[in-house]
Amino acid sequence: MKSHILITALLATVLSFSAHARTYKLATNTPSDSPTGLVIKQFVDAVKTGTDNRVNIRVYWNGALGGQTQYISQVQSGVIDMGMLNSGMLENLQPAIGVINLPYVFRDLEEYHKVMSSDYMHQELLATTQKNGFEVLGYISNGFRSLHASKPIYNIEDIRGLKIRTMASDTYIRMLQAMGAIPVPLEFTETYGALQQGMVDGAEGSLAGLWEIKFGEVTKYGVRSEQTRLTDFIVLSQRAMKTISDDDMAVLRTAMHAASEYSINLIDATHKQSEKLAEEKMGVVITDIDKAPLIEAMKPLWRDAMQTPEKREALERIFAIEDRELDV
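Just so you know, the sequence shown maps onto residues -21 to -1, 1 to 307 in mature numbering (1 follows the signal peptide of the UniProt record, and there is no 0).
Do not take every clue at face value.
Restraint-style ranges between C-beta atoms, simulated for each label pair [claimed, not checked]:
no.: 1; residue 1: 291; residue 2: 134; range: 27 to 33 Å
no.: 2; residue 1: 130; residue 2: 260; range: 16 to 22 Å
no.: 3; residue 1: 32; residue 2: 264; range: 46 to 52 Å
no.: 4; residue 1: 24; residue 2: 111; range: 27 to 33 Å
Honestly, the hints are just simulated from the structure, not real lab data. Just so it is clear, CB atoms sit at the ideal spot from N, CA and C, and this is done for glycine as well.
Let the hints inform the model, and build the full structure from the sequences given.
Right, here's the structure in full:
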């Protein structure tokens, strides 16, 4: 009789666990072995451990569920539970978020960290995405973005007329136009082929991609223009969020905060190493550039942003956090 009671109790425990345990899909277009991939893995492992396996996350790497423009709508509807979206994609939904994509908003890593870790960023600006069907759990620093091309770039004149791949973001498109380039919006997963086939002359993005994504096989010149610092975000659909307890949601947020902090130093260190490898192993030439003419060329973007009340407020709040005068 006692053994029967014990077995029944064990079965009840197992069934109770099974009823609450669930596996959630996370879509990303990044490779599993990239620095961003390592940050995502840390987050996933911390969630699994912190929730005692109640919340398991299966990551679909390298665009397995499509590019960001494809899977973002599925995250909004809850067909896909979680996704990695960059700041350009969030800007398309909530334009005020686009101010963090404006060129030279962040002059260095310290300013970036201070702003991205602020209460304003998480409790106010990013919280606006809840209107779009998902919650931003946190960010992954993705390093400063520069230019690489099939020809050397020594100054702003060398950029003029080049067809440059960029993301489907109004800010990034207008930024390249201000440089004199011809922006070509393409999915990240289509970039290598476009460079290889000569559909574009170059791309804007992290110079680490020359080594990590092997862009250095098809484009041999990089320039440290460092115009923006793109940020990736891990988002959770509101539909999936309703299936997670408050305690487990607290674990997700804590795990994401730790992953964000981890990404800050990891990304910059690994990007520098990747740039070095691209130069040494692939024959890529990476040079510096005078940023003053580039900054001057970007002023119309700043002035236009200030015409929108929401963007003006966001810029003012960000510059206040940086303890910096907003001079446009």
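Check: Checking against the hints above, which ones are violated?
Finding: none
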